[in-house]
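Please construct the entire structure, taking both the sequences and the accompanying hints into account.
Same order as they appear, the protein sequences are chains A and B.
Counting from 6, one number per residue, gives the positions in the first sequence under the working numbering.
Counting from 2, one number per residue, gives the positions in the second sequence under the working numbering.
Just so you know, these hints were derived from the structure itself, not from any lab.
Being a predicted model, the structure only gives us computed values, none of them experimental.
Note that the Cβ used here is the ideal one computed from N, Cα and C, for glycine as well.
Each hint should be verified, as a subset may be incorrect.
Across the chosen pairs, the derived CB separations fall in these ranges [said to hold, decoys possible]:
id : chain 1 : residue 1 : chain 2 : residue 2 : range
1  : A       : Leu-314   : B       : Ser-69    : 37 to 47 Å
2  : B       : Asp-126   : A       : Arg-751   : 17 to 27 Å
3  : B       : Arg-94    : A       : Met-306   : 18 to 28 Å
4  : A       : Met-306   : B       : Gly-17    : 28 to 38 Å
5  : A       : Arg-751   : B       : Gln-78    : 33 to 43 Å
6  : B       : Ser-69    : A       : Arg-751   : 28 to 38 Å
7  : A       : Val-746   : B       : Arg-149   : 43 to 53 Å
8  : A       : Val-746   : B       : Gln-26    : 28 to 38 Å
Output of the computed footprint for chain B on chain A, the stretches with three or more beta carbons under 8 Å from beta carbons of chain B [as the list claims (entries may be wrong)]:
id : stretch
9  : 8-19
10 : 285-296
11 : 300-313
The residues making up each chain are set out below.
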Amino acid sequence: MSSLGLAWRQLRSAWLAGEVRVLLLALVLAVGAMTAVGFFTDRIQSALNRQGSQLLGADMVVVADHAIPEKYRLEAAKLGLNVAQTLDFHSMVVHGDASHLAEIKAINGNYPLRGELTIAAQAFGAGHSTQGAPESGSVWIEPRLANLLGVVVGDSIAVGERQLRVAALLQHEPARGGDMFNIAPHLLMNEADIASTKLIQYGSRIKYQLLLAGSAVTTATYSGWIKPLLARGERLEDVKSARPEIRSALEKAQQFLGLASMASVILAMVAMSLAALPFVQGHLDTFALMRCFGASRRLIMRVLIHQALLLGLIGSLLGCVLGYMAQAGLAALAGSLFVEALPPPNWTPALAGLMAGFAAMLGVVWPHLQRLGDVPALRILRRDLGDLEAMGWLAYLPGLAVMAALVFWHAHDLKLGLVTLAGLLALLLVSSGLALLGGRLLRQLPLSSSSAWKLGIAGLMRRPAMAVAQVIGLSLGLMALILLALVRGDLLHSWQASLPADAPNRFIINIQPDQIVDMQSFLSASGIGATTVLPMVRGRLIAVNDKQLVAAQYQDDRARRLVEREFNLSWTAQMQADNKILAGRWWRADEQGKPMLSLEQGIAESLGIRLGDRLTYDVGGTPITLSVTSLRKVEWDSMRVNFFAVAPPGVLDQFPASYITSFHLPLGQEATLNQLVKRFPNLTIIDVAALMQQVRDIMDKMVYAVQYVFGFSLLAGLAVLYAALVATREERTREATLLRVLGASRRQVVMATMAEFFCMGLLAAVIATLAASTLAYYISAHLLDIPYAFNFGLAMIALVSACLLVPLAAWLGVRGLLNQPPRQILHSV
Amino acid sequence: MHAPDVINELAIEVIGLAKHVTSNQSRLTILSALQLAVPQRETLAILGASGSGKSTLLGLLAGLDTPSGGKVLINAQDIALLDEDGRAALRGRSMGFVFQSFQLLPSLTALENIMLPLQLAGRDDAAGQAKAALIRVGLEQRATHYPRQLSGGEQQRVAIARAFAPRPAILFADEPTGNLDAATGQRIIDLLFELNAETGTTLVLVTHDATLAARCQRRLQLIDGRLEPL
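Structural data, given as structure tokens:
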């Protein structure tokens, strides 16, 4: 019979004997959690890209400052991509005596390719969705432009030398969303009318766009084809940058999910490690006997490798199936999170899960198995030979290495991975230390009154290494349970609370200084509460440390665009409540008027700006140089007004400023906005209610999703608890039997066992509570930026239940044995 | 089949065998300058009090343990010249074992336990041969039972079937009745000697039971680390 056959038979027997079940279950859970989260985040990522597509109006866009070369369009058509072309430029639009600068988009084809336009007869409400260009001879304009020009639907306006009829007001345009502080209002027209406007002439500043949409494969093919061909003034934009608000919420959710799956992986690997002990113990005699009957070391090692691989294969496959089913549940929970249904999962997470499963199996079990290969055949005659002492630290290294690799893989973030690993190591060290110290303390206690206590503690002392391993296992299992309770209860609610129901859902920009008082009284008269108005000055960043900036010097697309466009600079004495200083410091009251600047961290990173750098902005032709004195983190998903660059008061006051505010508009009060726009035609109102709803939806759904994934951690935690309890069962059975033979009463044996586990439970609960609270503190402080409060009640519940449940479980374990006469038990061991 | 090529060749030859163990800086001699020659097909009993070193000697003869001095030759082959795997292979080829504590694998059925050495020796029809052996010891009804479902006597019969199934040249039996009551022990011994007669195996029986030893052709006693005729 082949070694594979032998391996299979032995595994099957071990399964029937129950030795391998916990091991396999733990592996299935680990792989299940990993693949479920893997599948799910993969699908969310695809959905995010689609959503990004809607903001772009396409999957990708070729942008050029000259007419798009024909071959670009032909290649796209050849690949079967949907295409549309637009021309974007600024021009004055005239109606009667009124005129205003508009951003004109001339459309050829089915614009937008992703998402929809909303057009209507009035400015707010009652719109309908559409795609394509306005009919030749007509235009769609933004309500603000209609207000500024004093036109209604049906009027004609002059665009260049051509009169065009206003067919509808443009309420929503997806491709607009990316840059909502664009000042000029939009006008959409048909490309067929362009020539007759005579606006396109040599030297006109025009942005030519070729919009493309298709399957991921074709767009990737096209992107690969076009990138080397792009000439000067041409670039390819894709959907990498979704709205920062949504991205921020989703990033947090993904961190949560990653954390949850990491917890499952760690716990499951600990469970595997513990479960490997009885499995290995059960195999000692088998391999000694095989040696006795002539099996070579090589054969035994082969059998072992095959067993590890078979276990890995079965566990990983089952785990993948479980993960796939679980992600279907997750996707159902999060399904309506996105405009469209989630795209189907692809198979990479399953492959990754399989590999991770094998790695986990080999990493954790291999050192144990390795030692089985060295079992002396003489064990057959002398049973004490080759008994497994707890392994040395070195033997845990492969498992720890695999765990570290998996943690980094799931953290998607070096810092988070390092913190998790450091936390895990600290937990291991602290719990080992506490377990050893606790044991020593227990031994000092005067316990002469109760022989059961003595016996129990003697039991702990007999196997110090095993006891430490069990305490660590129990701690980790309990920690998962406590963390789950904390995360469900406190953290997720705090996260949701960070976006309250009355969070601002409208922004008003372009407020002139003399309009502030009027506008505020208008808003409060309409029942809208007090609003903070912040100043905004537009300036272009032209130099860093006196070195001229050139867009071309940046590799990064975002950085290039940031340099090309104007920044909104603001000033304030107090920092916004939801901002956090990451480096440097905020200005003092006596520093008003000093040339200081606080920069948002992300933009500083993109542009490679460091604390202390001197930035020169061109504001309306006048240069001003400010030193970066602080870097801030901004919670974009709080939906409040925030600026990339902020100066102290008295620095930018001499420049012409407009003002910006945000407020919460209750549902059904849209009419107020129509009146507001009539009264102050130059104001731009930006509706972020839909965006906010989306962020809130993501939070709500993610709360469920995270709890769901933590369910895996819960199961893995229980598996750890169980594995820790059964790890020493055989040895314990032998001892209990011996005690019975020597005349101990049932009660004494039970009490001894329970005393032993009570001590372990107590230690584990203390360690677990400390660890879970530290972890929860880290999550709230560093991931969610919400205040953390120690949950005393939960700690007490954990402590009491561990001290009750762990001994109870141990009692359930030995109870059956104690009902049998010792002789019978002696025969079976 | 491993029948002896030359009829007068020795199955086991032991020359100057010694075994010491060192513990707490003191050296304990278990066996010293031990001589033994066991011809093919002989049945030999080795008697000795508890702690006299019977099991140590058995371990050395079977190559489960390495001696401190001297040689053990199995079928004229010096087992000290073999490495651990070579000794394992030699055991698989030529030796069978019956132990006091049966040593059945709890995770395998009766039939699977008998199949194990056959499989390890790479026999083609392991299942068929194991079944035949099980029938020979009268336990065909128990083929799919696990050891814990068998009585002590039944377990030892399975162990005997397992020992004889590969037709070993030498069979080592270590207190085969030690864990059984007298009547069951008697039946087990009858079975052991019947099978031994049928297969012509060399039998080395280690025991402290004089009645059991009396059934062997030759009896030696282990005293002070040496074998002496009884």
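The hints, checked one at a time:
1. A/Leu-314 x B/Ser-69: 37 to 47 Å: Since A/Leu-314 and B/Ser-69 have Cβ atoms about 41 Å apart, the given range 37 to 47 Å holds.
2. B/Asp-126 x A/Arg-751: 17 to 27 Å: Taking Cβ atoms as reference, B/Asp-126 and A/Arg-751 lie about 50 Å apart, which means the hint is violated.
3. B/Arg-94 x A/Met-306: 18 to 28 Å: 21 Å, holds
4. A/Met-306 x B/Gly-17: 28 to 38 Å: 35 Å, holds
5. A/Arg-751 x B/Gln-78: 33 to 43 Å: With a Cβ separation near 55 Å, A/Arg-751 and B/Gln-78 fall outside 33 to 43 Å, so the hint is violated.
6. B/Ser-69 x A/Arg-751: 28 to 38 Å: Since B/Ser-69 and A/Arg-751 have Cβ atoms about 48 Å apart, the given range 28 to 38 Å is violated.
7. A/Val-746 x B/Arg-149: 43 to 53 Å: 19 Å, violated
8. A/Val-746 x B/Gln-26: 28 to 38 Å: 35 Å, holds
9. 8-19: holds (count 6)
10. 285-296: Holds: 6 residues of the stretch 285-296 of chain A have a Cβ under 8 Å from chain B.
11. 300-313: Check passed, 5 qualifying residues.
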